[in-house]
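S.K.: Below, each chain spelled out in residue letters.
There are 4 protein chains.
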Amino acid sequence: MAASLRLRGATSGLRYWSHRQRPAAASLAAVCSRSMASKTPVGFIGLGNMGNPMAKNLMKHGYPLIIYDVFPDACKEFQEAGEQVVSSPADVAEKADRIITMLPTSINAVEAYSGTNGILKKVKKGSLLIDSSTIDPSVSKELAKEVEKMGAVFMDAPVSGGVGAARSGNLTFMVGGVEEEFAAAQELLGCMGSNVVYCGAVGTGQAAKICNNMLLAISMIGTAEAMNLGIRLGLDPKLLAKILNMSSGRCWSSDTYNPVPGVMDGVPSANNYQGGFGTTLMAKDLGLAQDSATSTKSPILLGSLAHQIYRMMCAKGYSKKDFSSVFQFLREEENF
Amino acid sequence: MAASLRLRGATSGLRYWSHRQRPAAASLAAVCSRSMASKTPVGFIGLGNMGNPMAKNLMKHGYPLIIYDVFPDACKEFQEAGEQVVSSPADVAEKADRIITMLPTSINAVEAYSGTNGILKKVKKGSLLIDSSTIDPSVSKELAKEVEKMGAVFMDAPVSGGVGAARSGNLTFMVGGVEEEFAAAQELLGCMGSNVVYCGAVGTGQAAKICNNMLLAISMIGTAEAMNLGIRLGLDPKLLAKILNMSSGRCWSSDTYNPVPGVMDGVPSANNYQGGFGTTLMAKDLGLAQDSATSTKSPILLGSLAHQIYRMMCAKGYSKKDFSSVFQFLREEENF
Amino acid sequence: MAASLRLRGATSGLRYWSHRQRPAAASLAAVCSRSMASKTPVGFIGLGNMGNPMAKNLMKHGYPLIIYDVFPDACKEFQEAGEQVVSSPADVAEKADRIITMLPTSINAVEAYSGTNGILKKVKKGSLLIDSSTIDPSVSKELAKEVEKMGAVFMDAPVSGGVGAARSGNLTFMVGGVEEEFAAAQELLGCMGSNVVYCGAVGTGQAAKICNNMLLAISMIGTAEAMNLGIRLGLDPKLLAKILNMSSGRCWSSDTYNPVPGVMDGVPSANNYQGGFGTTLMAKDLGLAQDSATSTKSPILLGSLAHQIYRMMCAKGYSKKDFSSVFQFLREEENF
Amino acid sequence: MAASLRLRGATSGLRYWSHRQRPAAASLAAVCSRSMASKTPVGFIGLGNMGNPMAKNLMKHGYPLIIYDVFPDACKEFQEAGEQVVSSPADVAEKADRIITMLPTSINAVEAYSGTNGILKKVKKGSLLIDSSTIDPSVSKELAKEVEKMGAVFMDAPVSGGVGAARSGNLTFMVGGVEEEFAAAQELLGCMGSNVVYCGAVGTGQAAKICNNMLLAISMIGTAEAMNLGIRLGLDPKLLAKILNMSSGRCWSSDTYNPVPGVMDGVPSANNYQGGFGTTLMAKDLGLAQDSATSTKSPILLGSLAHQIYRMMCAKGYSKKDFSSVFQFLREEENF
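For the protein sequence lines, the chains are E, S, B and A, in the order given.
Using my numbering, the first residue of the first sequence is number 28, and each one after it goes up by one.
Using my numbering, the first residue of the second sequence is number 28, and each one after it goes up by one.
Using my numbering, the first residue of the third sequence is number 28, and each one after it goes up by one.
Using my numbering, the first residue of the fourth sequence is number 28, and each one after it goes up by one.
To be clear, the hints were calculated from the coordinates, so they are not data collected in a lab.
Just so we're clear, the structure is a prediction, and the values are computed from it rather than from any experiment.
Some hints could be false.
The list cannot tell twin chains apart, which means a pair is met if one copy fits it or any two copies do.
Stated by the list, open to error - Computed list of lysine-lysine pairs in BS3-like fashion (alpha-carbon distance at most 25 angstroms, straight line):
1) Lys-103 / Lys-87
2) Lys-269 / Lys-168
3) Lys-149 / Lys-176
4) Lys-265 / Lys-168
5) Lys-152 / Lys-168
6) Lys-324 / Lys-172
7) Lys-151 / Lys-343
8) Lys-148 / Lys-168
9) Lys-311 / Lys-324
10) Lys-347 / Lys-324
11) Lys-152 / Lys-176
12) Lys-151 / Lys-168
Please put together the full structure from these sequences, using the hints given.
M.R.: This is the structure in structure tokens:
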């Protein structure tokens with residue numbers, strides 16, 4: 028593996044130091060080498076709502092980009108800023124030995140890697156391919172196998188945090204793959220996120236993300252049910268939230284992202300559930316959890332019901348609202 | 028109401044100062060008066076696992092007790108310590124104008140108040156009756172009405188925290204009832220708990236407790252499902268817990284009471300799910316949540332399923348284990 | 028018991044023959060006696076949507092009625108037809124020794140029996156009190172105890188079948204109570220229904236009804252889910268229904284009351300879900316199932332979720348539609 | 028299409044008569060032609076519990092077989108009976124232009140068709156490939172596309188009915204594919220089943236099977252819950268079953284396959300849940316329903332929960348018991 032890694036840019040050893048491992052005083056030479064390494068172009072495929080600000084943060088850190096998106100319009104802005112736009116993932120792979128992919132579904136990811144003009148058609152040995160899409164961990168594993176056959180390295184690194192965190196460079200990356208390559212990934216991911224967590228073998232980044240989001244969906248619906256029940260039993264919403272947050276019912280959904288309008292400021296529930304993390308996206312992630320649970324034969328009784336609830340909300344006009352709108356979904360009474 | 032309150036002990040106005048309201052410098056006279064007030068006997072009905080240490084904490088604060096329990100053995104210890112044991116709730120009410128009840132079910136509470144030899148048979152005008160049992164809020168409201176007819180005051184004040192918290196005087200009390208009486212309740216409850224929270228009208232103490240425990244049950248099962256799924260997908264349990272706890276899946280069940288053996292010390296999962304809060308008790312509280320949801324027509328999809336899961340666990344040998352054993356229930360594979 | 032029964036009208040032994048037991052040739056004397064018995068007035072309390080046509084069927088069979096309803100308007104029609112209207116359940120009990128009650132909730136039933144002017148205030152010894160309301164079986168048992176204390180007989184006899192079956196006298200009655208009294212109940216119930224089924228001790232009539240309706244709710248939602256999924260997978264609805272109905276998925280909801288518009292004629296789904304059995308009523312019955320399951324500690328995972336689904340439908344504008352509209356609820360996509 | 032069919036055996040038009048369409052009196056010539064047609068060998072891949080008796084029924088109807096199974100032992104019996112055993116699916120395709128596949132999972136089916144030595148490697152133009160495996164309908168569609176590219180015809184024809192029905196030739200086949208080919212499929216399938224139902228385009232056979240089995244699982248669990256609740260409320264099981272079966276709760280699981288021991292004879296519940304349709308198989312089919320629901324975004328609240336319940340049962344020692352053992356799972360109380 029060491030050999031193949033040499034092929035990747037001119038970035039020498041320094042790249043492999045994680046923040047924790049970095050020697051107290053790095054020599055000037057090393058720093059220079061690293062600064063030069065930064066100028067090695069990085070490929071970026073998928074410039075949607077998330078990919079766009081992520082790519083910009085790489086630019087801010089001085090990385091020249093090789094760009095591709097199935098929608099040419101998504102590339103314009105980058106072209107005007109002087110970045111190089113190419114016409115296929117294969118072309119990206121020809122020109123960059125570090126590539127980040129940020130795509131909406133498993134199918135898109137498979138196409139970008141294994142499609143007719145996919146990355147694998149022209150990938151160089153030793154390249155580092157980081158997929159930040161949220162997809163089925165078993166697909167990540169499949170992709171990793173194919174990438175490995177070509178002598179390159181694949182890591183899954185899905186993100187936590189929305190468009191806001193992408194813009195401010197505060198995403199959390201959950202990274203799966205060979206541990207020796209983690210620092211290399213961290214160099215790039217650290218430009219886009221404030222937390223880069225190593226999770227284990229390929230696929231575990233996806234697994235961590237899926238598990239977190241499943242628990243998030245469950246505790247959000249639970250918070251919505253508990254708040255709604257309490258209100259109907261005569262409790263003041265703010266007081267109830269305060270009680271929950273000092274008790275064992277406390278969770279991120281109750282203390283940081285409360286779904287009841289009027290309880291907190293600066294969250295989607297304070298703004299008619301605009302912005303935030305859309306119900307459709309939550310339904311998608313729960314679909315991945317469901318698939319993983321089915322393939323590993325793990326019972327997920329609440330996770331499965333949460334999936335169905337978000338599925339129904341999508342069909343009832345909540346698809347673009349923040350996922351905390353489940354409170355509104357449970358509460359609202361219509362008169363016919 | 029003011030008039031009736033005078034009837035209660037010799038405690039005058041001071042009793043009505045909550046911690047927040049207490050004047051910066053209380054005069055010596057007032058302190059003396061209060062100290063004398065402490066000597067007015069307090070009635071205590073129900074000396075089970077929780078009632079026993081709660082009553083002892085009242086004793087430590089200098090309150091003489093008038094004791095009753097349906098099981099005479101439960102009173103022995105107190106009798107030997109010099110407290111007065113009587114033979115019915117009515118007799119308690121005859122001798123004490125402040126009474127705390129701590130009983131296992133709605134039926135026991137109704138019996139203690141409205142039964143043939145219940146409190147209401149001999150309650151004095153102006154008495155303060157505090158029910159710390161966890162029961163249906165609609166039953167609390169019924170009891171409050173009957174108590175009010177007798178010219179006395181009823182407050183519901185269920186607790187959060189288990190036997191350990193009862194012993195160390197660190198329970199949380201959630202109090203419902205007339206706000207003017209809250210300080211009077213707080214004087215006694217503050218001897219047994221470190222948090223005494225005013226929740227609103229009669230029944231809202233129960234409502235807050237029920238809502239908290241329903242959310243707790245949901246997030247505990249959710250944590251168990253997410254941890255189990257993650258482990259089967261190849262994640263290390265400690266690492267997964269760490270990731271959840273720094274992400275949006277974070278909840279009390281993941282960061283303070285993690286259900287997976289080996290992740291945390293000092294929690295029931297580290298001790299074969301011994302101690303803690305039994306599955307049967309959680310099933311009982313979820314039954315109350317279910318009843319309240321049915322009577323207020325509030326949808327509780329996850330709460331209802333959580334209820335059924337804890338119901339099943341009770342039938343499958345988990346009734347005496349801590350409620351975090353749902354992880355074991357979901358995980359364990361039997362070979363037949 | 029035999030002695031007390033003599034007190035009831037002049038109806039002698041004949042009344043106790045069930046259809047199965049009736050002797051091949053009844054003597055003329057017996058027939059005359061029975062015909063006279065028919066003229067003994069029967070009390071009827073609760074003349075709503077169901078009670079109204081039920082009472083009329085008793086009239087058609089020659090029974091004079093003693094009528095009471097909390098809404099005087101509900102009695103007008105009967106008064107004009109010459110029946111006697113009185114001003115309380117107690118007055119009904121004074122004038123009739125066989126009474127049928129048909130009320131919407133447990134609370135109404137308790138009021139009619141045990142209220143200030145309830146039946147029990149003036150009930151005669153040996154009276155037969157039949158409650159056809161659908162209520163909690165534990166309430167039925169309570170009422171039976173109180174009735175028994177007065178030397179009278181209580182039976183629970185909830186109905187299956189809607190307003191149409193009530194009009195045509197084709198209801199099914201599920202009867203709980205002392206077996207010796209069943210034939211006496213059957214004499215009256217047989218005028219209003221085509222099936223009168225003895226279920227066992229008091230409360231089992233309610234139990235049978237509740238169990239049936241819970242299973243009905245589950246299989247209706249299941250049918251709606253399966254039909255919707257099949258349609259989305261490309262199957263023709265009529266063909267899918269046909270396949271289910273010849274296979275192991277067959278159920279009353281698929282073969283007799285299919286919820287998909289266009290599959291069957293003469294059912295609510297063919298008429299925009301008008302008529303039939305309202306979603307609110309199903310939610311109420313599922314609430315009773317939930318209560319019974321909680322008190323008997325029986326796990327009802329699907330029953331409980333079905334309850335929550337009907338609860339949500341009530342909040343989303345489906346309360347007055349037939350309960351088969353769950354297909355529409357699951358299917359409909361709103362565009363916002 | 029007519030042209031391609033000519034390529035297949037010498038069976039001329041007669042093959043296309045369904046049982047319903049067959050002329051009242053077939054001429055001797057036609058019968059001879061058909062008899063000759065019967066001698067065209069039929070390929071059979073997958074000779075497990077189901078495939079074995081199905082293949083034998085084809086033999087009984089005079090079809091010589093070309094046999095393949097990944098486990099050579101499974102073929103012995105057929106070899107001894109004089110049938111031809113080959114060493115790969117490709118070899119089957121080389122020697123037979125009508126092939127039936129009966130495999131346990133989507134993965135096995137994909138391997139048999141598209142694998143290194145799969146059918147598609149040597150399939151002849153105009154061949155009829157019938158897959159009786161129960162797999163994801165989207166996989167059936169994929170296979171159909173690949174088969175079509177080779178100029179052959181693919182139909183999905185999953186079965187309903189267990190090993191008993193396979194032995195007695197009483198399976199039900201649900202067939203998806205080009206309608207013109209249905210009669211050709213029916214000729215073979217009619218030898219193994221008493222019902223051969225045309226469902227529509229490729230994949231709809233699977234869809235029908237999946238929808239039926241999902242509804243079956245739901246109504247079975249519902250029946251178990253309702254019977255258990257009724258029994259706990261004091262009803263006699265046989266009487267309750269009788270009441271349900273004459274009421275709107277009636278379903279195949281209550282009237283034909285009742286899960287409560289003692290209610291019916293000749294069903295798995297009468298024999299400690301031996302035989303029948305295993306819990307593992309039901310969990311597998313529910314996994315397919317879940318996948319289909321996720322990909323078509325159809326809400327299946329009860330179906331999804333049923334899936335999780337069967338998943339749990341598999342982990343709790345019920346995997347080999349009949350799926351009606353859910354009654355036992357819900358009911359049994361363990362004492363620890």
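S.K.: Does each hint hold? Answer for all of them.
M.R.: Verification of the supplied hints:
In this assembly of identical chains, Lys-103 and Lys-87 lie within 25 angstroms of each other by CA distance solely inside one copy; the values are 18 angstroms within and 69 angstroms between copies. For a Cα distance limit of 25 angstroms, the shortest separation of Lys-269 from Lys-168 across copies, 23 angstroms, qualifies, whereas the shortest one inside one copy, 43 angstroms, does not. Within a single copy, Lys-149 and Lys-176 get their C-alpha atoms as close as 13 angstroms, which meets the 25 angstroms cut-off; across copies the closest is 28 angstroms, which misses it. For the identical chains of this complex, Lys-265 and Lys-168 are inter-copy neighbours only, at 23 angstroms across copies versus 45 angstroms inside a copy, given an alpha-carbon limit of 25 angstroms.
Taking the closest pair of Cα atoms, Lys-152 and Lys-168 come within 25 angstroms of each other only inside a single copy of the chain (19 angstroms); across copies the shortest separation is 36 angstroms, beyond that limit. Taking identical chains as interchangeable, the C-alpha atoms of Lys-324 and Lys-172 lie at most 25 angstroms apart only when both belong to the same chain, with a minimum of 23 angstroms there against 30 angstroms between chains. In this assembly of identical chains, the alpha carbons of Lys-151 and Lys-343 never lie at most 25 angstroms apart, being 47 angstroms within a copy and 49 angstroms across copies at closest. Taking the shortest alpha-carbon separations for Lys-148 and Lys-168, only the intra-copy value of 19 angstroms comes in at or below 25 angstroms, while the best inter-copy value is 27 angstroms.
In this homomeric assembly, Lys-311 and Lys-324 come within 25 angstroms of each other (Cα to Cα) both inside a single copy, at 20 angstroms, and across copies, at 10 angstroms. Taking identical chains as interchangeable, the C-alpha atoms of Lys-347 and Lys-324 lie at most 25 angstroms apart only when they sit on different chains, with a minimum of 16 angstroms there against 32 angstroms within one chain. When the C-alpha separation of Lys-152 and Lys-176 is checked against a cutoff of 25 angstroms, the pair qualifies only within one copy, where the shortest distance is 10 angstroms, while the shortest distance between copies is 35 angstroms. Only within a single protomer do Lys-151 and Lys-168 lie at most 25 angstroms apart by alpha-carbon distance; the minimum there is 20 angstroms, versus 35 angstroms between protomers.
Comparing the model with each numbered hint stated earlier shows that hint 7 is the single one that does not hold.
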